[in-house]
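Protein chains in written order, with the numbering used here: chain F, 204 to 313; chain H, 761 to 907; chain W, 2 to 474.
In case anyone wonders, no lab produced these hints; they're calculated from the structure.
Remember, it's a predicted structure, so these values are computed and weren't measured experimentally.
Each residue gets a CB set at the ideal place from its N, CA and C atoms; glycine is no exception.
Please note that a few of the clues may not be correct.
[To be verified] Covered by chain W, per the in silico footprint, the following chain F stretches (three or more residues, Cβ under 8 Å):
1. 213-223
2. 237-247
3. 267-278
4. 281-291
5. 294-307
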Amino acid sequence: MAINISIIIFLIGLYGLVFKKNLIKKVMGLSILNSGIVLFFVSIGYKKDATAPIMQEGITKVADPLPQALMLTTIVIGICVTAFALSLIVKIYERYKTLNVQQLIKEEDE
Amino acid sequence: MDETNIVKTVTRKIFPVLVLFGFYLVSYGHLSPGGGFQGGVVLGSALILLCLSQGIAETEKRFRYPTLNMIKSTGALIFLGIGFLGIVLGLNFLTDFLPTGEIGSIPSAGSILLLNLAIGMKVGTGTFLIIHTLMKFIPGDKNGNQY
Amino acid sequence: MSNLPILIIVIPLCAAFVISIVDLTRVKKFSPCLSLASISISLGLIGCLGPRIFAGEQISYALGGWQIPLGITLLVDGLSYFFSLIATLLMILSIIFSINKEGMHHFFLLLLYVGMIGVIYTRDLFNMYVFYEILAISSYILVVSGTRGSLKASLKYLFLGSIASASFLLGIGILYGQTGTLNLDLIAFRIPEILQDNPLTIGLVASLFLFAFGIKCGAFPLHTWVPDAHSLAPTAVSVLLSGVVLKIGIYVLIRVFWTFPYLGIEKIIMWLGIFSLMFGALMALAQDDIKRLLAYSSISQIGCILIGIGIGSESGLKGSLFHILNHAVMKGCLFFCAGLIIFSTQKRKISELKGFGKHNPLLSFLFILAALSIIGIPPFNGFVSKWIICQGAVESGNIFPGIMIILASIIAVAYYGRIIQLFLSPGEPFQESPDIGYLQYIAPCVLSISCVLLGIFPFLGINLVEHAVKMFY
């Protein structure tokens, strides 16, 4: 079930990244895309009736810790890409005074 | 940014508590949910909170850009240095060379504690520097107020 | 001495962070020397590994002492060694070329190098994703230069690269869910049983990987970031992007699709190659900006390499790998020369460069040499690798790719020939140009001498390629 929801979130993010005309909305789509992937990975490590993967006495059934560790790295990478995209957008706005993709393409053709 | 006096005072008082919470998350990374990145982001958020409420000019007087940049690079170099210590001691890169103590106490799980501290240092200053750079270059109006 | 694979990656990383500290102090001007020193140390370490690799040994290294299946391993075999050699040599020349840039530029160049070597050496899929992201983010940052339009080019590259990375990660996730491990060797071991149970999942993973690495290496329908990013980046960065970063996408394609073989994916790769070949050649005919023409020519050559891989036979793979080496050398020389031409005349359009041969004979000579090699004229190296690919095509019974490669070379005569003709014809003299220092000439000279050497003595290159191909056949 969580896997299906994560694929839907991934597709919503992809729609936002591809079809929206405002640059900030595209970056938001990128962020939603990353969240979808994180949810997908974490839900792969799901086991029924398992607890958090921290070692204490008397705990035998733990959820898979590997996807959770991988997703920490993925979230960091997502933050870096979003931060760089936003700083590029700040510079583009300063230069071209618009955030609309159609107008930016029209500027290029002139 | 012109925030009210209530916001300015309360954030100034909350800031040390946030930094303490960040250090707690970083150092208990191997015993409970937390670790280098998570604690580092909380540390960074504490600085960002200060930045948002007091304004970038005030915050910059106390937490200067060159110092934070130096801390950031030092964090990365400490991480790589711990990895090199593994090579110097004859094992592979980044091997656990400290003994694992008893489960549940802080100095256990080998060199993970030191690595977490290094990462916490780097991530905390790093996230604040991202917001600092973005905030400094957003054009404002003549009075110095930012949009 | 057995720590060599990780030292090749970590020493430039340490140097990068030391440069970011040094950049804040008063000894700022030593940063470029530091980066050159660290890459030279890496080149020396790769040289030390050389004799052992050529003797047939495969060097494996477990990070942190954790063995498979718990840990991340690095593996240096013939194929990895070949790619890391190309990456290091181009990197040294790029750093020498951009020795006057500021410290942070060198910081990102070193991070780019770390990402490249990390992807090439690692055996763990998620580690490959992390290093690929380091490579990609550094290249997004490096594309930004003073040229008009480079901000938009970098943003376009960022969006497409992020879609590619997200698809790659999704594929890794599905694969991990099915096999339970992330190590390439263990996955290759467990794939055949999964292929019998549900082949559709493996098909989905294969198409996600093909989509992701099609974007990254600039194959035909997914190439749209290549012309902007390669033409508007600073010159040394264009060389690295065209010469190495596109090829790392092809390296991952070879690794992933040879470790777990799928039936029929080679046909798709071959057809993507044929489309990229013709598309790149035809679009290059219509270009006026010199660097944009070179970028479309890159797409065309990547198509040629994909044809060689898609053929699937030993000659095809050998020709592709040799063409990867040749294209890195030839396109590197062309981009360095183009950068120096733009620097000395301040003109980017080809139509305004009439008579450049008289203005700067050495530069025109190097450019013409590299252009003749990339067309595929016999005494140079482009001819040898294209010949081996065509031979592989004919051997496997499929003559159509061979004809396409010859057709694309004929079209290349048209668009490179136009530049050569404009250089050699007399025109009005150019205005006084800024002086090009001796240091900037080192890179194109070295690369064009290698073009000639590899063409006259092809066994130098084929020797390297033999060791790379040996493990597959």
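Hint-by-hint comparison with the structure:
1. Only residues whose beta carbon comes within less than 8 Å of a beta carbon in chain W count, and the region 213-223 of chain F has 3; three or more means the coverage holds.
2. With 5 residues bearing a CB less than 8 Å from a CB of chain W, the region 237-247 of chain F meets the requirement of three and the coverage assertion stands.
3. Counting residues of the region 267-278 of chain F whose beta carbon lies closer than 8 Å to any beta carbon of chain W gives 5, which reaches the threshold of three, so the coverage claim holds.
4. Given a C-beta distance limit of less than 8 Å, the hint that chain W covers the region 281-291 of chain F holds, as 5 residues qualify and 3 suffice.
5. Only when three residues or more bring their CB closer than 8 Å to a CB of chain W does the claim for the region 294-307 of chain F stand; here the count is 4, and the claim holds.
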